[in-house]
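Protein chains in written order, with the working numbering: chain A, 4 to 269; chain B, -13 to 282.
The set of hints was computed from the structure by calculation and includes no laboratory data. Heads up, some of the hints might be wrong.
Computed list of lysine-lysine pairs in DSBU-like fashion (alpha-carbon distance at most 30 Å, straight line) [claimed, not checked]:
hint : chain 1 : residue 1 : chain 2 : residue 2
1    : A       : K101      : B       : K115
2    : A       : K265      : B       : K162
3    : B       : K121      : A       : K263
4    : A       : K264      : B       : K115
5    : A       : K117      : A       : K220
This structure is a prediction, so every number in the text was calculated from the model and none was measured.
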Amino acid sequence: MMNLTLYKREWKANWVMLVIFMGVLTMYATMIVSMFDPEMGDSLKVMAESMPEVFAAFGMADVGQTLLEFVTGYLYGILLTAFPAVYIIILANRLVAKYVDNGSMVYLLSGPQKRAQIVRTQAVFMVTSLVVMLVYVMGVIWMTSELLFPKELEMEGFLRVNAGLFGLWILLGGVCFLCSCIWNESKTAIGISSAVVVYSLLVQMISQVGDKFENLKYATPMTLFSVDGLIANESEAWIMCAVMYGAGVLCFVVGVSVFKKKNLPI
Amino acid sequence: MKTIEINHITKDYGGRRGVFDLSFQVNQGEVLGFLGPNGAGKTTTIRQLMGYIKPDSGSVSILGKDCFAHAAEIQSSLGYLPGEIAFMDSMNGMEFIRFVAKMKRMKDLGRAPELMEQFELDASGKLKKMSKGMKQKIGIVCAFMQDPDILILDEPTSGLDPLMQNRFVDLILSEKKRGKTILMSSHIFEEIEKTCDRAAIIRAGELVAVDSMEKLCSGKRKELQITFAEEQMAAAYVQAFDKAECAAANKRTVVMKVGKELDAAIKQAGNYTVTDMDIHTQSLEDFFLHFYGGDE
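Next up, chain B with everything else stripped away, as it sits in the complex (with noise of 0.2 Å):
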């Protein structure tokens, strides 16, 4: 079943701004990675998700209901992390958590003691106050809390400790286990490469790519950075492994892009003696640029 829906929607800003012709969908019970660079579109899509704005043309829709018209219902089974955090500064952490557990219809505070734990959080202080991190977790907290079915989380991460990062990811895999329905947006490949099913890729508005995360990767290079011992050693590496080429700087040192032959180039060097190594996984933007060039 498909839980979120995303039907040709356009939502124009002007000047190339905004999302056309989006669709995709989220199924029951999966994680679904949505990334792209910053401006792509993402929170735009989010909030029509959210049902704070409507599409120019087309259709958003969770549980088979209309985002806009029928925001207030499906409020009730989703959680929902903003991308750019605000609060009401007067309150202090507690109180603002009390209140949107209030505001939830909440009988307690459901699962907010357990992850204030989980994200060691103390929430006493006032919300003003509180660095980028700490409102980060609150924010997480409030999104989690009425443990919802369906979880929508605009750049979880961002502001965290890698650290919290991790306890974040770890936390997405628990949720993956209970069965819940989560929609990511991100431009961090890694943190969506270790708890996505899947990942819609946006650019300028426009769908690049949904697909497995293992199709995906399968695309994904990183840059290899090996220093041998002796310069020959190196040469001849090169020799045998014709994607590698000598660095311009040290001669001891070959450079190469791998995806697939990953393996390869590791036994190859297995065969001289490896003086140190560097692994330079691709910002997002190279990985686009190779996804659109195909295989270089």
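So here's chain A without its partners, still in its complex pose (with noise of 0.2 Å):
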């Protein structure tokens, strides 16, 4: 299925970029976390109406009442998206295109195993660590919570949006996954893989600014991730989770196969 000599090497070669991208992660959820109160009314809520469009772009337009809303409307719609897919980009460029590129994919398919094998433990890789950063995150999210406002977090929903997000990174993962399997230039397969996230991101940010172009939340495969309807536990807002979750498997399962069949300039 796969090799545990190639997981242990990419934890080993990976660990401190997930750290350094966890850290980032780690400052803006106490950060936001912290500026939640209650009672003295919304501190951001004042920034948000000084300046409409840019919050708006930011999927900050709405933001609820509640801790929950108030975490999830400023970290879920740009923060824990954007950081993560960078994380994604450069770590799906690592597991497979780079060997190919600088020609180590030799070493890694030096043994009895099949190419299949060596890959499907790239996709694990990737996998494994997300669901690492996944918990981290939630884990500070919680607990600065808790510290600060005990019992004000609706655990329930917490976990519904967080679902969702990894649904986002699975599909963002496989995508970027995908590129590195196809293209033998790590420069190709960064550039293209980034085009798609950039696009998706900007497209997601320009239809939230107004009526205007709201249309064209069709057309980023970010609108998938529904943050207010996984709260409202609606099914549509499932349903949107789902396809994240088939269409990144997709992905890995499609670049396996790839893999699998071409020709390696090694």
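Both chains come to you apart, so use the hints to assemble them.
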């Protein structure tokens, strides 16, 4: 199924990068949570009213009153999608295309393991490292909330939103991983996967600014992650969530099968 | 038994790059040299043997198994030294050797310590900071440490100093005695001459010749340059030995291209007082030219 030696080696090679990204996310998460102030009124809201377009672009337009709505509104709109996306782009390239580009793939294939086994290991590594990131970020948000505002965070809704967030990560991960499997050069793989991600984020931002561009939301996969819908437990939101998981997994599967069959210039 | 079989493979990269209708075999226990100038298609052929690329047409097999479909199975009896070596830069040499041993499912490091001693390799440094020669040595260790029955080596001595090149030749000779099947590419004739039983020569992706070393060497010429003590001696030599001619720059010097006639040329020169002698071995390009031209 997978190769443990390679899996361990990937942890050794990539844990520093994971820690750095988790560090940045820790900073944002604790900052946002601590800004929540149920009694004094929402200081961020005052700021939001002063520049509504900017806040709308980042999906922070109608942030509700509860801690859950506040946290998901400010964090899950852009911070927890854009930053992990950067991590995903870099990691996807490191896991496949880089080895092919510099030729060290020779040594990953030097044992009795099939190509599929090697590349599956890389996919599993990506997914598990995203699980680690998600569990960590959830932990940070939950602990900060409990520390500052005990029992304010509605746990079930919080878990639902995170289930959706992970779906989005899987989708982005799948797309970037597929790019990494298709192209033999690092810079092509990175270029195309970042183009896809930046496009998706930008279109999402534009679609949130005003009614004029609202329909653009159908042109970006980011719309599939419906924070409000998941908080409200709407079935439509769950269907879109399932689509993200499905499409993400499909991308991983296609990536593995492309890599299995392609010509490797190593 | 044919250990490695290449059957009419074509892999066209366009612009006359690639290999075209190439066929040859490597027999069990044989060392086959694979010669050709840069860009002749040696590496393209080897990549097909390693199962990294599929031929457009034709077939390649090792131990009777198709190289692309059964790449993973073949790997367990195969050692490979890539022409352009690349490692994981973040590791140090020893970590890398251990990693490769594990990827090859070896219980320990096998012959690695012995080989490292033989090539005077200190693998403790970061791979990123290693010289070409050091990397080459690590590549050699990784190719041989499992003690595989078949070895595919792409320009194995590139980057090695002459002392280490000789050690490498010794290693090949001892592996040959132990019955290993070896395919070794090179653009340096001498290296192949010292180690191989047969050689396959390719140019522009097409096979030029596959033959025993003796037969190939008979076509090989050396340029001999002899300087005599006096001009008359040189003149007399030119008269006596019709392949020789006087050098333009120096009347005391004669130059000639000799193959099988080497013995006669030297014995003839023994009649006079020789003050200096130079021997230039033909470059591979010259050799090819000669090869196509037959006897000049």
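Quick rundown of the hints versus the structure:
1. K101(A) to K115(B): Given pair K101(A), K115(B) holds - Cα atoms ~19 Å apart, limit 30 Å.
2. K265(A) to K162(B): 34 Å, violated
3. K121(B) to K263(A): OK: K121(B) and K263(A) at ~28 Å, within 30 Å.
4. K264(A) to K115(B): Outside the cut-off at roughly 34 Å; violated.
5. K117(A) to K220(A): 41 Å, violated
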